[in-house]
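Enquirer: Listed here are the chains, written in short residue letters.
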Amino acid sequence: MTVTQTTDLLLEASGIAKTYGAVVALKSASLAVRPGEVHALMGANGAGKSTLVKILTGAVRPDSGTISVRGKPRVAHSPADARRGGIVSVYQEPALIPDLDVRSNLRLTETPLPNFRHWLDELGINGLDLGRLVREVPLATQRVIDLARALAIEPDVLMLDEMTAALPANLTERVLEVIGRQRGGDRSVIFISHRMIEIAAVCDRATVLREGETVGVVDVTPGSEERIVELMLGDIVQSMPGASRTAQDRNGAEPRLVVRDLTARTKLQGVSFELHPGEVLGVVALEGQGQDELFDILAGSDRPSGGEVRVDGKPVSFRHPADAIRAGLVYVAADRAEALLPQRSVRENIALPFVTRVRRWGPINLGREGKAVKGAIETLQIDTRAAREVRRLSGGNQQKVTIARWVASGIRTMLCFDPTRGIDIRTKNQIYVLLRDLAAEGAAVLIYTSELKEIQLVCDRVIVIFGGRVVGELDAANADEPALLRAAYNLKSDALMPEEIAAEVVAEAAAAAHPETDQ
Amino acid sequence: STPAATTAPSVAAPSVVAPSSGAPSDAAPSAAGSYKIGFSNPLGVGNGFREEQLCTAKAQALVSGQVESGTWIHRNTDAQGQLSDIRDLIAADVDAIVFNPLDPEALNPALDEAQAAGIKTIAIDAAVTDPETVNLSNDQVDYAYKGASWLFEQMGGTGRVWYTRGIPGHPADTDRDEGFKKALAENPGIEVVPSAEGVHTNWDPATATQLANDFIASGEYDNIQGIWTSGMDSQVVDAIKGAGKSFVPIVGADLRAFVEQLLNVSGDYEGLTGIAVYNPAAVGGAGVKLALQLLNGETVATGENNTVLLPAPEAWDNVSEEGKAKLAEINEPSIDPLYPVSWYIEGLTDYTLEQMLACKGPGE
Amino acid sequence: MSQAAPTVDATRAGTFDAIQSALRRNTWTLGLLVFLAILLVFTRLIQPTYGATGIQGLANSVLPLALAATAQAIVVISGGIDLSIGSMMALTSVVAASNMQDQSDLFSVGVVIGVLLLGLLLGAVNGAVIVVTRVPDIVVTLAMAFVWSGCALLVLRTPGGGSAQWLEDLVLGPLGNEWIPKAGVVLVLIVAAIWIPVSRSRFGLSLYAIGSNQLAAFRSGVSVGRTKIFAYMLGGLFSALGGLALTASTGRGTPVPGPYTLLSVAAIVLGGVSLAGGRGGVFGPLIGVVILQLIRTDMTFLKLDPNLATVAQGLILIGVVMLGSLLQQRRSRA
Amino acid sequence: MRAVGVAEDRNPWLTAAAWRSLFRDRPVIPLLALLGLLVILFELGPSNVSSAWAGGVFRAAVPLAILAGCQTLAMLTGGIDLSVGAIASASGFVVATLVGTTGLPAAIVIVLVAAGVAGLVNGIGVGVFKVHPLIMTLGMSLVVLGLANVWQVQRVQTGAGVPPAFRTLGSDVFLTVIPYSLIVFVPVALLILLGLRRTGFGRLLYAIGDNPIAARLSGARSWQVILVLYVISAVLAGIAGFLIAGLTNVASVTLADSYVLPSVAAAVIGGTSIMGGRGGFGGTIVGALILTVITSLLSALGYPEAVRQILFGAIIVAVAAAYTRVTAES
Ligand SMILES: Nc1ncnc2c1ncn2[C@@H]1O[C@H](COP(=O)(O)OP(=O)(O)OP(=O)(O)O)[C@@H](O)[C@H]1O
Ligand SMILES: Nc1ncnc2c1ncn2[C@@H]1O[C@H](COP(=O)(O)OP(=O)(O)OP(=O)(O)O)[C@@H](O)[C@H]1O
Ligand SMILES: [Mg+2]
Ligand SMILES: [Mg+2]
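Here the protein sequences line up with chains H, D, B and S, keeping their order. Mapping the first sequence onto the working numbering, position 364 (from 1) lands on 652, and the numbers just tick up by one. Mapping the second sequence onto the working numbering, position 295 (from 1) lands on 416, and the numbers just tick up by one. Mapping the third sequence onto the working numbering, position 221 (from 1) lands on 233, and the numbers just tick up by one. Mapping the fourth sequence onto the working numbering, position 29 (from 1) lands on 14, and the numbers just tick up by one.
Since the hints were made in silico from the structure, they are not lab data. There could be a bad hint or two in this list.
With a straight-line cut-off of 25 Å between C-alpha atoms, the simulated DSS-like cross-links for lysine-lysine are [said to hold, decoys possible]:
1) D:K481 x B:K315
2) D:K303 x D:K366
3) H:K315 x H:K360
4) D:K157 x B:K194
5) D:K445 x D:K362
6) H:K741 x H:K315
Sequences and hints are given; from them, build the entire structure.
Expert: In structure tokens form, the structure reads like this:
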């Protein structure tokens, strides 16, 4: 009481920066949480939300920035350290040890058992057998256990990173209820979710991150969603070369790819669409609406449980990505970690598909390969100064390599899953132009993107997937961001949906997205 | 082919004597006997001496007519492994265990257990300290002493000797070291390289060759005047020849490959002088015979340490005419080059050369 | 809107469920026990005299490998692998034998304690090098296998030394009843005395945690590096116990490592420990060791070439792992 | 248009980055330097470097290098092949026992086919059943070793009959420096070196080891690659077994056992990552030479086996740690 309290904030962070190799996860993030509030952390995929949470809980060291708790500087050196300081997180990925039973997991974190039981009951899970191995417990229950465990410690600041994404409706409801009840005390909750409706239901304020920077703090009131979305998206994209849209002439031309009633367990529920040569078809969806499964099936990594896929009129059934590639369906993964050989050269990465078939195992025609690779590098304007090891390339160049691989071997149909994630505007433009050029040359492109503003730049047409179903189809001309966003959140027209209906839709979507095979 | 018949009668050595091939005919396999013999050899699978030792044991068991079946454990292992092998033999309810010990003391607990179960235990080739076990061994001290004395004499009592040994800690290796040191003490002008402790080949031909190659490659070979080997002789000779060096006098065992080198049968070993000291692998057969004697209640006279020493080892060089003649006699072409040519011990074994080469025990 | 029954399937607690889940979790170990029982019956059939002596011999034969397998199991559970166990056993064995020879009982007790501390130290070095250099476990422990066996040769160039009589008596012969081998009792006591408290402690949980999912463990507040070093220290401790067992049963120290490293890997895989870490325990591997030895014994009884036992061990090893991965693949497909 | 790195401005030899990239991109050069240093030590120390000495070193290094080549190939895919020792021993031994009855060419063919079958089983286990390569090849080595022992007992031979051709090939030296084993080694080495760099198969080895998911998404069927890899490894091990039998003039069932760990060590020293995707045979050859020279140096200096082992271990850890450091992502 002698020292003047400089702040009444519970947790304050400012100027947080973090880079992973060439990837800038956080540039300059700040966050101020008051006691007794539920504070939303918002941002598009890859904005840096999870990274910020990890830094606040000591799971990751920041490169720079200051953090203070109740006005005193405090940097957690490990999650255990943060926990002692009263900061606990439920991370986006489950943090339970799969091979230990629930009880042991609780002992590991020194969680008081009665408290845990109490919160578990509150969260709607009764009679959980604590002797069960975590890996035998359904994912949704794991998430709730994770939450109950965090609540049981009674932390000052509780962070929930997309905790509700994997929960069915009734559990989501209980979770939101429990979180809502935290309001007003001297404890706070930091809540991350992509579901506006949840934000609106429990949060007091929202901090919005964009590309690693805090771009605004908004009081959550009815109608503030639009403002948040606006902040998340940032300024309207600077002038980009208008993609030359060829006139569509689908008459007579056979569709390259026909998908009919495709189902995949609970994730996809009867998806149908057609993709024509010369066309770029966009797919828009929130996280986890079944787009991953759709692309995995088309790329031969996963098998559908029903429905039909036809390529050039012939029904196909892929058992391996090699089958899809032979059928002319090539796949550009969003996660570069899945697509690249990080320790190999640009050349080897690009030339990889050349050699995969057994009869191409023999000597390589270096001249021909070199020419093809060089052509692709030029087409994509890849900076090859660090060509000896792909992992030393910048993120954008790495992404170009994953595309160049298919450009070099000739593309008929390309499946691009968020190909511009985390790359700069110039590179994005190059990729857009490339996709248009490919289409102009007769290729067909199916592209999922989390950056809605891309849609109008590259696509001819767009389908919106929600809860494993195609819920809308728009022409590029009508697919401006607000429209797409609304469609993606399955909000009809400009008006907000009545809350109950929205909750139901969200529940349905979540149930569809419920990944029970994980772990 | 019965080459034994042609060479054997002319061998008139006083100690280790060839039986005439007809001699054991009275002991031709009769109806199966009643005893069960266990045999344990813990290392040297592929080593000619050890292989022949196993074959002589099998052959002796066969011709004795008293053995119902044999359990032959012949594998590479350590002392702990041999302990477990002997315990397996106890559990298999054999009447006698003939074994080549890996260590003079390590096996004692299992040997006590065997005796408690009424099983006779016979150590062959080297001795154990267990008082109840009958040791049947070559006089390894004398073996080493004979060869070393010859070598030092050849060298005129001065110069450097490369000293290669067997398996560290093996009883036979320890005894041979004693004999070597005894001869060394009598020849103060001799210096041992690389050290007084010598180098260990582990009685592994591959290791021996490797050591020899390294030794020659390091240039040290050019500074020595003699080599003593613990039976890894032909490998060293071949290494020297392979390096194109001239030979120095060498001591080896009576392995056929070495005998042939000494005789220069192939014509490639001009200038090689050496001596082959007998180390009969027939100790395996003799061990089985001894075991049966014990089982039949015969008394066996043993000396110090409950040991039956084989007749003093013979040694023949290719310097004296007599030695050359002897080497030519004992060179038995049907024997594998890495087997010792002393495939029998007069009076202590009864099988024929063919039976030994067939390497089949009772019921096999 | 709120439904009556939770959609999430959460089993109710109950003794029946508890037993069931305990059974399910230990299926492999139980299966091994059944297999062992069958093997014992089979042994008795082919060798009607197999009895107390056989059991005594069995216990004495498995002791060193059993301790080695325990060491390996602990390290593998924590997500590593230790290829230096055989060398550590050789080193501790020669240190024990060379210091105990012709010494008083009291002194030899001191030596035993010293050797156990040495084991902890060797393990700590292994673990620390892995944590500090971030070189894969398999490379570091392979290299350390050279180092430790070199050190063993520095201590004793040839087999030698001696063992205190009490130490030999500790593992030799029966305990009261002729069917109860001291070696077996000692083994179970040692393993239980060390492993049960460890596995029940938070540290034991951390071992499983870092083997199961290092990231989740870190986020659960486990100090990954320290736990890893502790795991290797425990491995070193059990290797030292294995070395002492070698000294006790042979009365000597042998500087050349026996076949324990690779056989310990075989034994733990047979015993249900996942090489990926996080799964298994030490009792499965102990049964695995007994099975491996009994197969060899049976081959002796059947008068089969003992080398066929080696073939059988290899085939069992491969077969078990193939079966495991087949089941795994089926489960993930279902 | 693109600027070249900053290092250009300064003396490239003086920057830490330049050294880092040297180690990272051309590990063979520092390794050769280490080798040179060892040779100089030898010259200064115990003895003079003679052509005969060099010949001896080469001769001893050749089989080790071939076996280390097996490890290199396996390690590139993130695997390891512990069965090479047993397969090499068995090959040398079985040829020696067969040559009398079948003649040399037939014996070689029979043995290499048998080795290939063992490798095929390895490959099926690792590639199709996804058994951990360590376990699979360890189990296989037990099987092969046991079978070779059984064969030995059946044949009642010591395998003394190492064919003279093998002896010449394995242990004779031409003009005091050039061992005849180079006749086998040079083609094998060229095949591996070129195979890794210039063939689709080689590319796939790296790809599978570096990122199996990426390889799969690019259309590679890993199991096929792994199957062929272990067959090649086993056949190479068989060939190494012939040379070892020739080098030692004996064939025994445990002939090459002592080569297994050094073969892994040589590959690790040569810069091949046990995690896969990085390395090559050039470094491995130098690694094998380094180990052989150290052995020779220490035995010439009269150091006991103990010191050699400790030094081996220390070098492996030090070199592996250095690689881990320089190749870590910045
Ligand atoms: N360990 C890592 N290594 C490299 N890059 C990383 C790592 N973790 C995160 N990133 C990158 O940092 C950026 C921010 O990631 P972060 O997980 O914080 O995003 P997010 O806002 O939580 O996104 P989402 O909504 O998809 O969860 C991304 O581009 C991501 O690829
Ligand atoms: N470790 C490295 N070694 C060699 N070159 C490198 C290394 N890291 C980066 N570079 C090169 O430096 C350039 C800049 O890389 P950087 O990763 O900083 O780009 P960036 O601004 O993040 O671009 P992007 O937005 O595409 O990720 C790239 O051309 C890259 O190839
Ligand atoms: Mg970047
Ligand atoms: Mg996130």
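Enquirer: Hint by hint, note whether the structure agrees.
Expert: Hints, one by one, checked against the model:
1. D:K481 x B:K315: holds, 13 Å
2. D:K303 x D:K366: Judged against 25 Å, a Cα distance of about 30 Å means the pair is violated.
3. H:K315 x H:K360: holds, 23 Å
4. D:K157 x B:K194: Violated, because 29 Å separates the two Cα atoms, which is more than 25 Å.
5. D:K445 x D:K362: holds, 21 Å
6. H:K741 x H:K315: holds, 22 Å
Violated hints, listed in ascending order, are 2, 4; each of the other numbered hints is respected by the structure.
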